[in-house]
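Protein chains: 2
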Amino acid sequence: MTTLKLDLGQRSYPIHIGTGLLDQPELFAPHVAGRQAVIVTNTTVEPLYAARLVRTLEALGKQVRTVVLPDGEAYKNWQTLNQIFDSMLSSQADRKTTLVALGGGVVGDMTGFAAACYMRGVPFVQVPTTLLAQVDSSVGGKTGINHPLGKNMIGAFWQPNAVIADVSTLASLPARELAAGMAEVIKHGAIADAEFFAWVEAHIDALNGGDVDALAHAVRRSCEIKASVVARDEREGGLRAILNFGHTFGHAIEAGLGYGAWLHGEAVGCGMVMATDLSCRMGLTPADLTERMAALVAAARLPVKGPALGEDRYIELMHVDKKAEGGEIRFVLLDRLGSAVVTVAPDEALRATLHANV
Amino acid sequence: MTTLKLDLGQRSYPIHIGTGLLDQPELFAPHVAGRQAVIVTNTTVEPLYAARLVRTLEALGKQVRTVVLPDGEAYKNWQTLNQIFDSMLSSQADRKTTLVALGGGVVGDMTGFAAACYMRGVPFVQVPTTLLAQVDSSVGGKTGINHPLGKNMIGAFWQPNAVIADVSTLASLPARELAAGMAEVIKHGAIADAEFFAWVEAHIDALNGGDVDALAHAVRRSCEIKASVVARDEREGGLRAILNFGHTFGHAIEAGLGYGAWLHGEAVGCGMVMATDLSCRMGLTPADLTERMAALVAAARLPVKGPALGEDRYIELMHVDKKAEGGEIRFVLLDRLGSAVVTVAPDEALRATLHANV
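Chains A and B, in that order, give the protein sequences.
Just so we're aligned, residue 1 is where the first sequence starts under the UniProt record's numbering, counting upward by one.
Just so we're aligned, residue 1 is where the second sequence starts under the UniProt record's numbering, counting upward by one.
If you're looking for bench data, these hints aren't it; they were derived computationally from the structure.
Given the structure is predicted, the values throughout are model-derived calculations rather than measurements.
Hints should not be assumed to be uniformly reliable.
Identical chains blur together in the list; that is why a pair holds if it fits in one copy or across any two.
Stated by the list, open to error - Below, simulated EDC-like cross-link-like pairs (lysine to aspartate or glutamate); rule was C-alpha separation at most 20 Å, straight line:
(1) K305 to E291
(2) K151 to D94
(3) K151 to D205
(4) K151 to D86
(5) K96 to E236
(6) K96 to E328
(7) K96 to E234
(8) K151 to E201
(9) K305 to E316
(10) K96 to E73
(11) K96 to D233
(12) K305 to D213
(13) K96 to E201
(14) K5 to D233
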C-alpha cells in the first residue's frame, strides 16, 4: 500500500492506494468518528463489495446502514440525493455520522454533496471502485448533482476525510470503463509529467490487461499529480483549470451526442487529441506530438476521431460550455509534453483542428 | 451608518447598519463583482422594496433579475430553492453572478444556500428586511432548507460578502414580527452583555414603537455580539452554541405545536424565560433573574408561558431536537446576566421549570 497526502491545511487527507484495502478496518478507523456510518453505493456495486465494507466497518463497532442508489448518470439528481437524506433522517443520523461512498464517480459526487449538506456538513470517505474515480473524481473535493439545465451545476467543494482506493476492485470493471478511466491517466501525464506519459505508453498493454501492479502505479502517479494541483488551487481559481485538458472538446462531444452516448473518458480521450492538434497548429508544440497522443489514446482503446457534429455546432457547444467563464472559449493546451497552458485560440486554427479530427 | 466587521480571515465581511441603505449603490459596488445580479425576494417584500434595489444595482451597470418566492416557512424547501436555480440557469448566470437576498430569515437562508450550491459557490449579499434577520439570521453564514423530516437539515455554512441592514425597512414590519425579532435582541444581551440587556429594558417602549435610532442601536449591538461569537467559532464546534439560549425549549414549543403556530421568536422568548428559570433552580444565578427576564419578554409583547404540551412531551421533543448532539440534552443556561454556559440539567430541576412555566 502507498499513502499520499493531499495538503490542504486543516482539510488535508490521506489517499491510500493498494490491494485488499476494503477489508482493513484500521484504514477506516481514524476517519469514522461517530457511532454511525452510512455506505452509499449503487445497484451494480452493492452486490460486489458492500457486504465486505459493512463487515469492515462493523468490526470497528459502528452501526452501518447501506443506501443503494440506481446506477447511472441519469440518476445524478435531486431525487436520488434525497434518498440519502431520507435514510439518514429516518435513522436519526447525527452530525458525526460518516458517509462512505462506495462506487464510481456518480456515487462519489452525490455522496460528497450529501455529506456537504446534511446538517451543514458531515464527514465522508471516498472508496472509489472505478479507474476514473480512483485516478480523478474521488480526489479534490468536487461534489454535486446535475440539473435538467446543466451538468454538475449544483454542488459544493467538500473534501473527503480520506480516499481509500482498492485497486483490486478494478478487476470487476468492464473493459470500456477501464479505458474511459485511462483517459484521465494519460491526461495527468500530458499536463504534468512527460516521463509518466512515456511510462503509460510503455505499459499500456499491461494496463489494458488489468495488471494490478501497473494499475496501482498509474493510480498513484495520477493521484500525486492531481493532489499537487488541487493543493495549490482548491477552488479552481486558476491552476486547477489545467485538469480540464481535453475537456472543452470532450464536453462538446458529450453534449452534442447527448450525455451517455459516449462515456466521459471516451470524449476526453478524443478531446485530448484535438487539444494537442490545436497546440501544434498554434505553434506551441512540435507537430509530431499529435501523432504520439493519438497513438496512445488509440492504444488505450479510446476513440481518436470526434463525431461528425459539424464545425459550427462544435464551436457553439464550446461557447455554451464556457459561458461560465465570461464569453471567450479558453482552451487548456500543451506548450510541451508535461506542461499545460490556458489560452484562447484563433478561430482558423480551431476550425482546422475540428476539420482534421472529426 | 455604522459598519461592523465579521472577522473570518479571507471570508471576513462588513455589516452595514443604517437608514436608506437600499438606495446607496456605493455600498453594493464592492460586493457585486460580475455582470449579473439576481435579487431573491418573496411575494410580500417584492412590492415594497424590490424596485428600489433593482434601481440601485442597475446604477452600477448590472444586469438584474428578480426571483420572487412564495412567502413563508412552509416554502423553505427544495422545490422553492429550485426556482432560484431554474432562473439562474435559464439566464446563463455564471460563476461571478451575485445573489442578493432581500427579505427575512427564510429568504436569506434559501438564497445563501442557493449561493453555496450554484456552480459550487457564488457570492451573495444579505439585505435583511425583518428585525429577526437583521439581528440574527443574516449574520454568520448558516444557510439551508427544511426537509419533511426536520427543520434546517439540509444546508451549508456559506458566508455572505456583505450584510446591508437598512433599518428603515422595519417600518413596514407587522408588530408581531417586530416582537419576534426582539427575542433575539434580548438573547444577545442575556448571553453576552448585561449592560445591553439593561439598555433594552430601558428602551423597550421606543423599540416597540419602531423608533429608528433605538432599533439601529439594537441591531448594531446584536450584530456585534453575534459577529464576535461567530468569529471565534464559525462552524459551531463549541462556543457558537450559546447563541441557542432559549432555543432548546423554543424548538420543543415550535415542534410540539406544529411549526408556524408560534413564530420562532415567540417560542424563543418563552424559551428564554424557561432557561433562566432552570438556571436559577440549578443555583447558577440568583432567583430574581427569572422575574427580570419574564418582565422584559412580556414587555416585548412575547409570551412568557409555554403551551400545555405536558412535561413528558416537552422532554421527549427536546431529546429529538438534541439527538444531533449524541443523546443528552445540553442546555444553554446563564451563570449570570451577560454570561452563558452549556450544560446538562438534573431531571427534577427540568421538570420543576416546566411545571412552573407552562
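Requested in this report: May I ask which of the numbered hints given earlier this structure violates, with the numbers listed in increasing order?
Outcome: 3, 8, 10, 12, 13
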